[in-house]
Amino acid sequence: RKEVEQDPGPFNVPEGATVAFNCTYSNSASQSFFWYRQDCRKEPKLLMSVYSSGNEDGRFTAQLNRASQYISLLIRDSKLSDSATYLCVVNLLGMLTFGGGTRLMVKP
Amino acid sequence: DTAVSQTPKYLVTQMGNDKSIKCEQNLGHDTMYWYKQDSKKFLKIMFSYNNKELIINETVPNRFSPKSPDKAHLNLHINSLELGDSAVYFCASSHRLAGGRGELFFGEGSRLTVL
Chain W
163 RKEVEQDPGP
173 FNVPEGATVA
183 FNCTYSNSAS
193 QSFFWYRQDC
203 RKEPKLLMSV
213 YSSGNEDGRF
223 TAQLNRASQY
233 ISLLIRDSKL
243 SDSATYLCVV
253 NLLGMLTFGG
263 GTRLMVKP
Chain P
3 DTAVSQTPKY
13 LVTQMGNDKS
23 IKCEQNLGHD
33 TMYWYKQDSK
43 KFLKIMFSYN
53 NKELIINETV
63 PNRFSPKSPD
73 KAHLNLHINS
83 LELGDSAVYF
93 CASSHRLAGG
103 RGELFFGEGS
113 RLTVL
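Top to bottom, those sequences are chains W and P.
Residue numbering for the first sequence follows the numbering used here, beginning at 163 and increasing consecutively.
Residue numbering for the second sequence follows the numbering used here, beginning at 3 and increasing consecutively.
The set of hints was computed from the structure by calculation and includes no laboratory data.
Just so you know, not all the hints are guaranteed correct.
With a cut-off of at most 25 Å between alpha-carbon atoms, the simulated SDA-like pairs for lysine to any residue come out as follows [said to hold, decoys possible]: (1) P/K38 / W/E218; (2) P/K73 / W/S188; (3) W/K207 / P/E105; (4) P/K46 / W/D201; (5) W/K269 / W/L209; (6) P/K46 / P/P71; (7) P/K42 / W/M257; (8) W/K207 / P/N64; (9) W/K204 / P/D87; (10) W/K269 / W/E218; (11) P/K42 / W/D244; (12) W/K207 / P/K43; (13) W/K204 / P/G86; (14) W/K207 / P/S70; (15) W/K164 / W/Y232; (16) P/K46 / P/S70; (17) P/K21 / P/N64; (18) P/K46 / W/R265; (19) P/K42 / W/M267; (20) W/K207 / W/L255; (21) W/K207 / W/N217; (22) P/K42 / W/D169; (23) P/K46 / W/P172; (24) P/K38 / W/E165; (25) W/K164 / P/V90; (26) W/K204 / P/K54; (27) P/K46 / W/S211; (28) W/K164 / P/K54; (29) P/K54 / W/S194; (30) P/K42 / W/S188.
Starting from the given sequences, assemble the full structure and let the hints guide the process.
Written as structure tokens, this is what we have:
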């Protein structure tokens with residue numbers, strides 16, 4: 163079992179749609195969680211942290227379920243510029259493990 | 003001003019050659035990393051290094067070696083290149099404790115093609 167698993171997609175959605183990505187992680191001792199965004203042929207960049215109580219940053223909402231070892235990212239009112247690969251990231255003892263990413267394509 | 007810079011951005015070479023990729027960060031971070039992103043887009047850590055310790059991912063062949071002349075630089079040297087080494091190699095940096103806050107700053111990547 164991979165340490166961090168994501169559906170690779172692609173998720174093809176129209177502008178304005180709401181889309182959700184899920185991620186599961188295997189090590190219950192994992193300490194903190196993040197979503198990164200990677201544009202095509204670019205480097206990954208931190209999108210947001212994921213807190214146990216859930217957190218929101220504009221159109222983006224992240225949630226964590228430690229019991230199920232499950233993380234989610236919800237994007238509301240999708241924009242063309244949201245098209246990218248979204249990487250779920252898990253921290254264990256200061257080492258970050260990346261999921262394979264979920265590719266999102268937002269169409270006009 | 004580029005925060006984390008890698009050179010070269012593209013590298014095409016023959017099997018069996020030895021090559022190096024250089025990385026420099028001007029963020030004042032004390033920890034640097036090398037990640038490998040393969041054709042399936044999985045980003046896997048190879049090394050984590052600060053001025054006190056080197057942490058090696060045990061799956062990394064010993065043909066790969068990090069070299070750090072100072073805390074702002076972490077170069078990657080690869081001996082006897084193999085076809086399977088073809089990938090994009092990303093350098094990254096963070097404050098030591100920022101690993102826990104998840105903020106890694108990545109370079110733009112170096113795309114290595116082994117023929």
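(request) Could you work out which earlier hints the structure fails to respect and list their numbers in ascending sequence? (result) The structure breaks hints 1, 2, 8, 26, 28; every other hint is satisfied.
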